[in-house]
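K.L.:
Listed here are the chains, written in short residue letters.
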Amino acid sequence: MDFSLSDEMRDMKRTIRDFVDNEVEPCAMQIEEEDHIPQHLIDQAKEMGLFGMSIPEQYGGLGLNMVEKCLLLEELGRANMSFTTYIGAHTGIGTTGIVELANEELKQKYLPGLASGEKLGAFALTEPDSGSDATNMKTSAVLKGDKWILNGMKHFITNAPEAEVFTVIAVTDKEKGARGGFTAFVVEKDSPGFSIGTIERKMGLRGSHTSEVIFEDCEVPKENVLGIEGKGYSSALRILSKGRVALGARCVGACDKLVELSAKYAQQRVQFGQPIASFQAIQWMLAEMATDTEAARALTYRVAWMVDQGLPVLKEGPMVKLFASEALGRVVDKAVQVHGGMGYMKEFPVERFYRDARLTRIYEGTNEIQRMVIAARLLKELQI
Amino acid sequence: MKYVVLLKQVYDTETKITLDANGTISNSGITLIMNPYDEYAVEEALRLKEKGEGEVTVVSAGGQQVQDALRQALAMGADKAVLVDSEGADLDEYATAIILAKAIENIGFDVILGGFRAIDDGSAQVAGRVAEILKVPVVNVITKLEVEGSQATATREIEGGSEVVEVSLPAVFTAQKGLNEPRYPSMKGIMKAKKKPMDKKTLADLGLDNDQIAARVKPISFSLPEARKAGRVIPGEPGQAAAELAKLLREEAKVI
Ligand SMILES: Cc1cc2nc3c(=O)[nH]c(=O)nc-3n(C[C@H](O)[C@H](O)[C@H](O)COP(=O)(O)OP(=O)(O)OC[C@H]3O[C@@H](n4cnc5c(N)ncnc54)[C@H](O)[C@@H]3O)c2cc1C
Numbered sequence: 258m259d260f261s262l263s264d265e266m267r268d269m270k271r272t273i274r275d276f277v278d279n280e281v282e283p284c285a286m287q288i289e290e291e292d293h294i295p296q297h298l299i300d301q302a303k304e305m306g307l308f309g310m311s312i313p314e315q316y317g318g319l320g321l322n323m324v325e326k327c328l329l330l331e332e333l334g335r336a337n338m339s340f341t342t343y344i345g346a347h348t349g350i351g352t353t354g355i356v357e358l359a360n361e362e363l364k365q366k367y368l369p370g371l372a373s374g375e376k377l378g379a380f381a382l383t384e385p386d387s388g389s390d391a392t393n394m395k396t397s398a399v400l401k402g403d404k405w406i407l408n409g410m411k412h413f414i415t416n417a418p419e420a421e422v423f424t425v426i427a428v429t430d431k432e433k434g435a436r437g438g439f440t441a442f443v444v445e446k447d448s449p450g451f452s453i454g455t456i457e458r459k460m461g462l463r464g465s466h467t468s469e470v471i472f473e474d475c476e477v478p479k480e481n482v483l484g485i486e487g488k489g490y491s492s493a494l495r496i497l498s499k500g501r502v503a504l505g506a507r508c509v510g511a512c513d514k515l516v517e518l519s520a521k522y523a524q525q526r527v528q529f530g531q532p533i534a535s536f537q538a539i540q541w542m543l544a545e546m547a548t549d550t551e552a553a554r555a556l557t558y559r560v561a562w563m564v565d566q567g568l569p570v571l572k573e574g575p576m577v578k579l580f581a582s583e584a585l586g587r588v589v590d591k592a593v594q595v596h597g598g599m600g601y602m603k604e605f606p607v608e609r610f611y612r613d614a615r616l617t618r619i620y621e622g623t624n625e626i627q628r629m630v631i632a633a634r635l636l637k638e639l640q641i
Numbered sequence: 005m006k007y008v009v010l011l012k013q014v015y016d017t018e019t020k021i022t023l024d025a026n027g028t029i030s031n032s033g034i035t036l037i038m039n040p041y042d043e044y045a046v047e048e049a050l051r052l053k054e055k056g057e058g059e060v061t062v063v064s065a066g067g068q069q070v071q072d073a074l075r076q077a078l079a080m081g082a083d084k085a086v087l088v089d090s091e092g093a094d095l096d097e098y099a100t101a102i103i104l105a106k107a108i109e110n111i112g113f114d115v116i117l118g119g120f121r122a123i124d125d126g127s128a129q130v131a132g133r134v135a136e137i138l139k140v141p142v143v144n145v146i147t148k149l150e151v152e153g154s155q156a157t158a159t160r161e162i163e164g165g166s167e168v169v170e171v172s173l174p175a176v177f178t179a180q181k182g183l184n185e186p187r188y189p190s191m192k193g194i195m196k197a198k199k200k201p202m203d204k205k206t207l208a209d210l211g212l213d214n215d216q217i218a219a220r221v222k223p224i225s226f227s228l229p230e231a232r233k234a235g236r237v238i239p240g241e242p243g244q245a246a247a248e249l250a251k252l253l254r255e256e257a258k259v260i
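Protein sequence lines, in the order shown, are assigned to chains A and B. If you use the working numbering, the first sequence corresponds to residues 258 to 641, in order. If you use the working numbering, the second sequence corresponds to residues 5 to 260, in order.
Pulled out of the complex, with its shape left as it was, chain B reads as follows (with noise of 0.2 Å):
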């Protein structure tokens, strides 16, 4: 069995965000993370692997330092890793699908997982995409997955409630919290990562060319939420300060 985990690397969302002179958002001093609905879908991986057998590949796309979270796939127990070198190309959804779809093809699969969506841009795209490109099912933020020979049955959350689904692989799954609970790598796992293969390809290695992965949407600019304004002090006696509160959510804040 061949299961093929999608992973992007994102900033932590402990990292305080800012903008640089052209209003980009500033790669200093900011740190970078396995996105953790990836977590989810590689700790799936990695269950299914050891239930059975199989290989677990994680792929990616994007620049070097994308490394750092591929090895933390392999130190969780992945078996090997692809990177595509995105060479600074400014990638959209539509572009990281395609590099994605032609990585794994060469890999070669029987389920693919992906997290639903990545905590930075949260576009929710790319997984949907790549099954669209590879023309197998997607199944959405899946809760619980079993294969069983060349057939799969999700559990997936739909509004209200959720939904038992069946598909037949290979397939596409994308993970939602409640999946599982991805562990932490060992540290034996640690160092056995750094023997596992980091197979680096360029786009031209996948047969592509930057014609070909110009991204069809483009970012114009970026602005930070607004700064929370300091609270307000309604001075006087209770009753009246409560009047005087009604009054301001009702014709300031427009709340009430």
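Here chain A stands alone, though its shape is the one from the complex (with noise of 0.2 Å):
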């Protein structure tokens, strides 16, 4: 098997770790701070190309395949997680559906804008009585002449309140449900009865904005429908199982930055007349954490690359989600440890990384969800 990248992702992989360190990273405390990502950077971020990461080629983007994407979304993974969120849920759920799902027309209406960045896109699938439960959904739409009518709420959405377009699930025909009854559709900011409501106040990701999304007699034109109609179920499932593999690539590369850090710090930091990392209590975490990275990257790109085969990852890509969550989350905590008090305290970073982190055991999916996806599907494959 061959594990060496081109010329290319190298350079590409190098880009992107150089700004992520010289530009975004010294900027973490004033985005946690002023819960505000400097225009700076997202600008720098459009330059380089990077919301067009998941588009094709012919629309502006940069047509990478699913293990190059990884390749580039571990080397962001590494910057502040409000600043990764902010350009993920745009390249991943926030555009997907259009990719995958759009007809022509609509691609060529909103896939340019969304590759540069000048756009910027969002995924509202989550209502407050339907998180998990994405079968119970009650936001409707009716077509009225050549115009479908949304009314209903949308919660906890990222990048809602600077997004510009918006792909929503809603219910098409109540008597069908989740079975052929949702319908999935892209919705402009600027359509009459549509508003942005509270703006959640979070645990972490500082700098990232999720908020409610409020329908009220929205009007849609009729042509703006995603897919199929009454097929927004499985639409949705689609778009969230991509952002799977992708959300696992930015866990490696957390991951890879809270290794280095605590291993940096062990070495530095001198109690009982030695450095830390001459203790094995901190040599074990150390060990640990490092073994839980690679592993999780391990299962990352052999997922990414099934993908790219077109292989089934019906089970695989909750995996990755389920596996590298858990391994940032112990990761994390032990990094935390290894830097004792320090670990607790707003002037390094690892404080902030363990709130941010704790969000992806949660979004897109919760892991009991995908524990349960990937025992179905195994039950299923392995029926006696």
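Hints listed in this document are in silico derivations from the structure and should not be mistaken for laboratory results. For each residue, glycine too, the CB sits at the ideal point set by N, CA and C. All clues given are correct.
Derived BS3-like pairs: lysine-lysine, alpha-carbon spacing no greater than 30 Å straight-line:
| id | chain 1 | residue 1 | chain 2 | residue 2 |
| --- | --- | --- | --- | --- |
| 1 | B | Lys-198 | B | Lys-181 |
| 2 | B | Lys-200 | B | Lys-53 |
| 3 | B | Lys-20 | A | Lys-521 |
| 4 | B | Lys-181 | B | Lys-139 |
| 5 | A | Lys-270 | B | Lys-196 |
| 6 | A | Lys-364 | B | Lys-196 |
| 7 | B | Lys-199 | A | Lys-270 |
| 8 | A | Lys-404 | A | Lys-366 |
| 9 | A | Lys-521 | A | Lys-270 |
| 10 | B | Lys-199 | A | Lys-303 |
| 11 | A | Lys-401 | A | Lys-364 |
| 12 | A | Lys-270 | A | Lys-303 |
| 13 | A | Lys-303 | B | Lys-181 |
| 14 | B | Lys-84 | A | Lys-303 |
| 15 | B | Lys-53 | A | Lys-270 |
| 16 | A | Lys-303 | B | Lys-148 |
| 17 | B | Lys-53 | A | Lys-303 |
| 18 | B | Lys-6 | B | Lys-84 |
| 19 | A | Lys-303 | B | Lys-55 |
| 20 | B | Lys-55 | B | Lys-199 |
Some but not every residue of chain B turned toward chain A, in silico, with C-beta under 10 Å:
| id | residue |
| --- | --- |
| 21 | Arg-75 |
| 22 | Gly-193 |
| 23 | Ile-194 |
If you want a taste of the chain B side facing chain A, the calculated C-beta under 10 Å gives, among others:
| id | residue |
| --- | --- |
| 24 | Asp-72 |
| 25 | Ala-79 |
| 26 | Tyr-188 |
| 27 | Pro-189 |
| 28 | Met-191 |
| 29 | Met-195 |
| 30 | Ala-197 |
Build the complex from these two chains, which are given one at a time in their own frames, with help from the hints.
P.N.:
This is the structure in structure tokens:
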């Protein structure tokens, strides 16, 4: 098996790493305090083409395959997690629906602006009464003349306050429900009847904004249906399933960064007359952190490769999300421990990572839901 | 307008330099980057080109690994790269300048830019020598450059201030920090770089032989800076300790 990288991928990785280390990292504290990502960082990321990572070249994107995309997201994963989420939610759930499901007209209309980052994309599935159980959603869409009229509310929508183009899942046939009664739409923020509700106050991920999205007789052109009418539930699952591998890559990048920070700190911090790295207790934590990181990396790239081969990843995709986010959870917990009291202080980045990392086990489908999907698939495959 | 940028690949500032058994700098486990001052030169050439029209060529002499640094310049937006394979020869500034000047003569030039020094050997000679061989003026350590027709106006750092000079083209300019803020290559730029011309030349292609580039200056030995010694804690009452410290600073460290 060949794990070597092309010159091109090496150059891209190195460029993103330099950008993250030299430009984003120095702003980390500012982002945290102001709950705002400086515009110049976003502009630079646009110029570098990072917003078009998942969009085909003919629409102005980079046209990367999954392995390549993961290689870049891994470098971004080293950054402040809100910055990574700002870009990751756009290149993942925010644009995947249009890339995978839209007809040619919609692609022409939306993808170039999304690829350049001029427009930010978001994905709105979750509702107050419909989280893990997406089948219970209430937001409705009714066709009136040449317009769909949407009513209802989504919440916890990443990038919603800044986004211009939303992929929204709504109920078009209440009788049929998730089985043929949900439809995916592209909705522009300027649509009549569209508004942003409360912006949530979160545990972490400061700088990335998550809010309610409210539809009050919101008018959406008839042609803005994504994919096939009535197939919105499977569309949503498809959008989410791609994102799972990408999320794995981001977790791996964050793990890498935490291993580095911890190994450095352990060699500098002296207690009992010697660097704490000389204590076996610390060494074991570092060894376990590094091993978790490599295992997550191996699984992520193996499944990314499967995606590129067109192989089904119905259980492997969720495995990546499950394992990589829990590996990150273990790694960040040990990173705080290696740093001792300093790990609890805001002046060190591990404190921020500790709060931010917690989210990866919750969003894009909780890890319990991932386990359910893996087990259901496994039992089906191995049915006696 | 033809812009030529002299480019050197150097050790990454983060790389840990070690000496091998022969006392020369070990190449294992090191990473190489484009000389940071050359990044300013590349950026300036690109900005000048983008204001009007023209072509930016980056030139280097060295081994095949230098292609990585040249590719970075292509990814930033340079049009083509020329790499003269030095075939393992030990190049000093004199030899490097001969090779680069020959290569540049073949390319043609109006504005030649380079970093004012390379961060590895720091000798700050090559650009000046190239200017000398090509018989064109050189303006060193510039922080601003404007080109108007066949005239250029450059601001350069001098002791305690700056100086604005006017010079007619062709000319060589060396870049100082502050000249500009080099761009990050875009991902698309990186993809395109692969398809841009990377012209690999041998010494023979340039009509040079080993005698002509025999180094005049040879390094005899290298040594690493002494490892920093552990600090010393002076115990006792603050007053006494301070007195002891003052005494040590005067008598032992001889700094006061
Ligand atoms: C910061 C943030 C950003 C988000 N961004 C987006 C976004 O951009 N777009 C979007 O659509 N959504 C987004 N979400 C929503 C996210 O996907 C949901 O929060 C998640 O799917 C869980 O839903 P819930 O919060 O309603 O939890 P619940 O579904 O209420 O789950 C509560 C607990 O019960 C468990 N549970 C639920 N059902 C089962 C079951 N059958 N078996 C076992 N355990 C179960 C869950 O695993 C969890 O532990 C975001 C959430 C957050 C916090």
